[in-house]
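Undergrad: Sequence lines, in order, name chains A and B.
So my numbering is basically just the index in the first sequence, starting at one, shifted up by 9.
So my numbering is basically just the index in the second sequence, starting at one, shifted up by 922.
In short, the hints are calculated from the structure, not lab data.
From the three backbone atoms N, C-alpha and C, an ideal C-beta is built for every residue, glycine too.
Each hint should be verified, as a subset may be incorrect.
[Claimed, not checked] In silico lysine-lysine, BS3-like type, Cα no more than 30 Å apart, as pairs:
hint, chain 1, residue 1, chain 2, residue 2
1, B, Lys-979, A, Lys-24
2, A, Lys-87, A, Lys-60
3, B, Lys-964, A, Lys-53
4, B, Lys-1035, A, Lys-60
5, A, Lys-24, B, Lys-1035
6, A, Lys-53, B, Lys-993
[Stated by the list, open to error] Partial list, computed: chain A residues near chain B (C-beta under 8 Å):
hint, residue
7, Arg-73
8, Phe-74
9, Gln-105
10, Gly-110
This is what each chain is made of:
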Amino acid sequence: EAGVTQFPSHSVIEKGQTVTLRCDPISGHDNLYWYRRVMGKEIKFLLHFVKESKQDESGMPNNRFLAERTGGTYSTLKVQPAELEDSGVYFCASSQETGGGYTFGSGTRLTVV
Amino acid sequence: GENVEQHPSTLSVQEGDSAVIKCTYSDSASNYFPWYKQELGKGPQLIIDIRSNVGEKKDQRIAVTLNKTAKHFSLHITETQPEDSAVYFCAARNANNAGNMLTFGGGTRLMVKP
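Just chain A, same shape as in the assembly (with noise of 0.2 Å):
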């Protein structure tokens, strides 16, 4: 089976400016996650949505950002206004079920210059 997409990979933006991160789960994942790591620390919860609902975004650090999951399939994670601090690998991961570990994506590496 296809393993979670990201896209892009690299994106590399002024600040200020917007940026749509993209995400595509394993075929038939409810669970969909978004993660950061920011500065080689630990990765860190950004959300959690089950099929197109939100289950939890207690990890969204402002209202700068925007996860969407229009039908339940791909996610967006949209930064506007990008701010420098907003560098870092944004992953997202999913899993059929709730109760154990789940595929990550590749990561697009965001820098905000």
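With chain A held as given, fit chain B onto it using these hints.
TA: Same frame as chain A, but now just chain B:
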């Protein structure tokens, strides 16, 4: 909330030696502890996990131990090979967290020298 500490941040071993990475967690309600391996240019990959009703789990050269009383768990890799070189992350999940959120440690960069 949960806090996971991971040590060491970097670890260099000779091929064939063993490597041990340790993590501590703060929330006694945590009941699921996965380990992920991240190779260059790839996302974290689940390599082994353990639940709180088990003290030790093995899978070939990899083993994980859990001490619930002390709130720490460890990853053991025996007979290390150059392809084991990667960044390893431990994580913990709270049993009361219906959303399945994982809290990660800061990562350990393992280098296996041939």
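Undergrad: Confirm or reject each hint.
TA: Right, here's what the structure says about each hint:
As the CA atoms of Lys-979 of chain B and Lys-24 of chain A are separated by approximately 47 Å, the hinted pair breaks the 30 Å bound. Straight-line distance between C-alpha atoms of Lys-87 of chain A and Lys-60 of chain A comes to about 18 Å, which keeps the hinted pair within the 30 Å bound. For the hint pairing Lys-964 of chain B with Lys-53 of chain A, the CA-to-CA distance comes to about 17 Å; that is within 30 Å, so the pair holds. At most 30 Å may separate the alpha-carbon atoms for a hinted pair to count; Lys-1035 of chain B and Lys-60 of chain A exceed this at roughly 44 Å.
A distance of roughly 41 Å separates the Cα atoms of Lys-24 of chain A and Lys-1035 of chain B; the hinted pair therefore is violated under the 30 Å criterion. For a cut-off of 30 Å, the pair hint linking Lys-53 of chain A to Lys-993 of chain B stands: about 20 Å separates their Cα positions. Here the hint on Arg-73 of chain A is broken, as its CB sits about 21 Å from the closest CB of chain B, past 8 Å. Below 8 Å, beta-carbon pairs count as interface contacts, and Phe-74 of chain A has none with chain B, the closest being about 16 Å; its hint is therefore violated.
Annotation: Gln-105 of chain A was flagged as interfacial toward chain B, and the flag is violated, the nearest CB pair being 11 Å apart, outside 8 Å. For Gly-110 of chain A, the shortest C-beta to C-beta distance to chain B is roughly 4 Å, which falls under 8 Å, so the interface hint holds.
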